[in-house]
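**Student:** So you can see what is in the structure, the chains are spelled out below.
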Amino acid sequence: MKCEMCHKADAATVIRKVVADEMQEFFVCQDCAHNEERRETSHVSTPTSLPGETDGGTRVPLMGMILDAAFEIAGRSLSLKEPACPVCGILRDEYRKRSRLGCPACYEAFSKELDAAIADLHRATQHTGKTPEKARAAWHRQQLVNALEDAVRGQRYEEAIALRDELGKLNGSEAATGGFPQ
Amino acid sequence: MRMTPDVDAPSKRARSVRADDIAISCRVRLARNLENERFPDWATERDRERVFVKVRSALEAEKTGLTLKPVDSFAEQHLNMLRESHVISKDLLERAAGGGIAYAESSPVCVMVNEEDHLRIQGFADGLDMRSAWRRADALDTLLERHLHYAWSPRLGYLTACPSNVGTGLRAGTMLHLLGLRLLGEIEAVVRGLERMRLLVRGIGGEGSEAAGQIYQISNMDTLGIDEEAIVLRVMRISEEVVRQEYNARVRLIQESPLVLVDCLARSLCVLQNARLLSTVEALEFLSAMRLGASLGLFTRLKVQEVDKLILLMQPGHMQIRMDTALMSDERDEMRAGFLSRKLANVKLKC
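The listed protein sequences correspond, in order, to chains A and B. Heads up, the first sequence stops at 187 in my numbering, and the numbers go up one at a time, no gaps. Heads up, the second sequence stops at 357 in my numbering, and the numbers go up one at a time, no gaps.
Bear in mind the hints are in silico, worked out from the structure with no lab data behind them. Treat the hints loosely; a few may be bogus.
Some residues of chain B that are not near chain A, with every Cβ distance over 10 Å (derived) [stated by the list, open to error]: (1) Ser112; (2) Leu206; (3) Leu230; (4) Ile232; (5) Glu247; (6) Val287.
Listed next, the in silico DSSO-like pairs over lysine-lysine satisfying Cα-Cα at most 27 Å (straight line) [what the hints assert, rightly or not]: (7) B:Lys354 with B:Lys309; (8) A:Lys13 with B:Lys96; (9) A:Lys7 with A:Lys139; (10) A:Lys174 with A:Lys139; (11) B:Lys315 with B:Lys356; (12) B:Lys354 with A:Lys102; (13) A:Lys7 with A:Lys174; (14) A:Lys102 with A:Lys117; (15) B:Lys96 with A:Lys7; (16) A:Lys102 with A:Lys13; (17) B:Lys349 with B:Lys315; (18) B:Lys309 with B:Lys349; (19) A:Lys117 with A:Lys135; (20) A:Lys139 with B:Lys69; (21) B:Lys354 with B:Lys315; (22) B:Lys349 with A:Lys7; (23) A:Lys13 with B:Lys349; (24) B:Lys315 with B:Lys96; (25) B:Lys75 with A:Lys13; (26) A:Lys174 with A:Lys135; (27) B:Lys96 with B:Lys75; (28) A:Lys135 with B:Lys69; (29) A:Lys117 with A:Lys7; (30) B:Lys309 with B:Lys356.
Each residue gets a CB set at the ideal place from its N, CA and C atoms; glycine is no exception.
So here's chain A without its partners, still in its complex pose:
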């Protein structure tokens, strides 16, 4: 999300202002937040200011704020220095500061806090819309591989054989249709 004031840099902060007797949030970059703070102290109106407004002026990192709320809701504290994503290895506090995830696997790795943040951002938790056929097949295959590894580790051999067969059928049908381009 871009800063709602300069429309250039990425929004990194939320400032709260009372506009027409209503508390509103503005997603802004750090520079605009500082400028806003300076303006507020010198009582100079800004392009987004409206007559009669008073500025609450609190600000917190945008994604960090949402994630903080998610932590609170989840009722657990996780080490920010913990390399939470096993694929790209980024630290929790790194992605909280930059509001950018490291790789697609981060969505799974950080699901505990991200799920609440995503629900807060979008007011929804389930995708509806376009489904890329091959991505869905690849996802299904990965789920089977994970389940197979889990079954083998747990010495549930009958389940493992069934999963292996299912995986074999999936790979066979993909091979018949040309497979997934690598």
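Put chain B on the given structure of chain A with help from the hints.
**Tutor:** Quick look at chain B alone, frame taken from chain A:
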């Protein structure tokens, strides 16, 4: 869509306002990422180049007519020109190696590679024809999907670098000229109303934080839990309503404040015909008024499309490409003033 105001003198000279005069253009952007690749912000130069090569191969395999080229292979003026035309984002230009642009002259689609996400597929259309913009972006996306393995989950949809885009990865935006609402002091209320409906409202085309030239971009905030067609339809319908409000504001300006309106147009024309130095933002503000006057038919020899062309041509990148040389800021201001003065020399206010 065409609406005819019932106005009395001195507004008799004002012709009917076309919705296209208010809605400039629209765009649909799809954010896509490749599985098993770090997102661009965390990727190494080598990672980004690998993504670049994969996307280039996909584009070539489908004969899309688009050629993917590295950002650093373009001249700076050319990049500025593409940015001013809204083909690429400023964000792309500020990123490290591996960034790419796939586009063709006059093509209604383009792809940015290694911007915030691995791919940003964009479809463009005139006015509020957002369905066309969506169809164009969707068609290109479907072609590329045959060759690229997108990061996607059944629960969260397309996985994006920022969770604010997760789901459809779709941002549908319209660009609207809302000077009438501004002159009546009603724009803030409209913007607040749009934000309450969970739409993003941004200024566009200016260097400042405000909507320079009173040109606003309205786009969806939510990308998860609502499908692509519904997002596009919603943004389109709400934009149509804003266009209606702007239209009504223009009619009221003509009926209730004709002197204020004509004064605004006369001042703008006077400055543009006589100024010796004009910055981009300053020129945009005056051209915005000219655009309003042209849409109301209050100028001789001036159409809205001509003003739109001037708005593009007077921007730094376009000016430097035309002059085939890099210009300092003050040189640009002088040339811009001269250029606009010549182009508008024969324009007169009808009333």
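**Student:** Straight-line Cα separation of Lys354 (chain B) and Lys315 (chain B) no greater than 27 Å?
**Tutor:** holds (18 Å)
**Student:** Given the proposed pairing of Lys315 (chain B) with Lys356 (chain B), does the C-alpha separation stay at or below 27 Å?
**Tutor:** Roughly 22 Å separates the two Cα atoms, so the pair holds.
**Student:** Assess, step by step, whether the Cα of Lys174 (chain A) is no farther than 27 Å from the Cα of Lys135 (chain A), and give holds or violated.
**Tutor:** holds (26 Å)
**Student:** Regarding the assertion that Glu247 (chain B) does not contact chain A, is the least Cβ-Cβ distance greater than 10 Å?
**Tutor:** It holds; Glu247 (chain B) is separated from chain A by about 21 Å at its closest Cβ, greater than 10 Å.
**Student:** Keeping to a limit of 27 Å between CA atoms, is the pair of Lys102 (chain A) and Lys117 (chain A) held or broken?
**Tutor:** holds (18 Å)
**Student:** Does Leu206 (chain B) really sit off the interface, with its C-beta more than 10 Å from all C-beta atoms of chain A?
**Tutor:** violated (8 Å)
**Student:** Next pair to validate is Lys13 (chain A) with Lys349 (chain B); report whether the Cα-Cα distance is within 27 Å.
**Tutor:** violated (31 Å)
**Student:** For the pair supplied as a hint, Lys13 (chain A) and Lys96 (chain B), is the alpha-carbon distance within the 27 Å limit?
**Tutor:** Satisfied, since the Cα-Cα distance of roughly 7 Å is no more than 27 Å.
**Student:** Confirm or reject the statement that Leu230 (chain B) sits farther than 10 Å, beta carbon to beta carbon, from all of chain A.
**Tutor:** violated (4 Å)
**Student:** Check whether the Cα positions of Lys7 (chain A) and Lys174 (chain A) lie no farther apart than 27 Å.
**Tutor:** violated (46 Å)
**Student:** Is the straight-line distance between the alpha-carbon of Lys309 (chain B) and that of Lys356 (chain B) 27 Å or less?
**Tutor:** The hint holds at about 13 Å.
**Student:** Was Ser112 (chain B) rightly flagged as not at the interface, with every chain A Cβ beyond 10 Å?
**Tutor:** With a cut-off of 10 Å, Ser112 (chain B) remains clear of chain A, as the shortest Cβ separation is near 27 Å.
Checked against the numbered hints above, the structure breaks hints 2, 3, 4, 9, 12, 13, 22, 23 and satisfies the rest.
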